[in-house]
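Protein chains in written order, with the numbering used here: chain A, 1038 to 1151; chain B, 5 to 114.
Please note: incorrect hints may appear among the correct ones.
[What the hints assert, rightly or not] Here are some chain A residues pointing at chain B (derived, C-beta under 8 Å):
no.	residue
1	S1070
2	L1080
3	E1085
4	N1093
5	E1138
6	K1139
7	L1140
8	F1142
9	G1143
10	S1144
11	G1145
If you are wondering where the hints come from, they were derived from the structure by calculation, not from laboratory data.
None of these values were measured; they are calculated from a predicted model.
Heads up, the beta-carbon is just placed ideally off N, CA and C, and yes, glycines get one too.
Now for the letters of each chain:
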Amino acid sequence: KAGVTQTPRYLIKTRGQQVTLSCSPISGHRSVSWYQQTPGQGLQFLFEYFSETQRNKGNFPGRFSGRQFSNSRSEMNVSTLELGDSALYLCASNFVGGENEKLFFGSGTQLSVL
Amino acid sequence: DAKTTQPTSMDCAEGRAANLPCNHSTISGNEYVYWYRQIHSQGPQYIIHGLKNNETNEMASLIITEDRKSSTLILPHATLRDTAVYYCIVRASGYSTLTFGKGTMLLVSP
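Build out the structure end to end from the sequences listed, making use of the hints.
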């Protein structure tokens, strides 16, 4: 079974631009969540999608948005990029239905904002 | 989710057991203890989880105290590849999100 796939692996943008990151979950997983990791703040939850609906949202500004498609693939978008948005963006998927849900993470997209 | 406390860093000699402690004194009855690890520049990897009984899998063992206020992750024979940041997380069942703390940086040396 293929793991969680994130593309691209690396991305360089300039301030003010926007960026779209992609995540393909493990087959059969319908929940996809996104996390931001920076040296200063650590791993922080951005949002979670389940069946094309945002189910949970972290404490991030509206410049951060996401969506999920009918095949469970997800994208996240960051508009009007700021230097502080430089981070590793991680996507995780899990099978929703049991009590003990394990998250499976992709390798992440390393975003650098210049 | 309940808050967890972990040491910032630990060292372990290759081949020895690594015992990583975690305090979660405010854990609720329906909250599980999860352990993940993150090797540099990779996504976190699930290790093990438990509610109140001790658990063991091919990667590690999890020992939870009877009052559930603390736990220990045991890597029985640490290798250099086990060098990583280890996160202890408590989470209620049925939730799909994780709240990460700062974790413990485990350094396994030859």
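Tested hints:
Nearest Cβ of chain B to the Cβ of S1070 of chain A: about 6 Å, under the 8 Å cut. The hint holds. Below 8 Å, beta-carbon pairs count as interface contacts, and L1080 of chain A has one with chain B at about 4 Å; its hint therefore holds. Using the Cβ-Cβ criterion of 8 Å, the hint placing E1085 of chain A at the interface with chain B is satisfied: the shortest such distance is roughly 6 Å. For N1093 of chain A, the interface hint holds, since its Cβ comes within 8 Å of a Cβ in chain B; the closest pair sits about 6 Å apart.
Interface restraint check: E1138 of chain A against chain B, minimum CB-CB distance 6 Å, threshold 8 Å, status holds. The closest approach between the C-beta of K1139 of chain A and any C-beta of chain B is roughly 5 Å, which is under the 8 Å cut-off, so the hint is satisfied. Because the smallest distance between the Cβ of L1140 of chain A and any Cβ of chain B comes to about 6 Å, under 8 Å, the interface hint for this residue holds. Checking F1142 of chain A against chain B: minimum C-beta separation of about 3 Å stays under 8 Å; hint holds.
For G1143 of chain A, the interface hint holds, since its Cβ comes within 8 Å of a Cβ in chain B; the closest pair sits about 5 Å apart. Because the closest C-beta pair between S1144 of chain A and chain B is about 5 Å apart, less than 8 Å, the hint holds. Here the hint on G1145 of chain A is kept, as its CB sits about 6 Å from the closest CB of chain B, short of 8 Å.
Comparing the model with each earlier hint shows no violations; every hint is respected.
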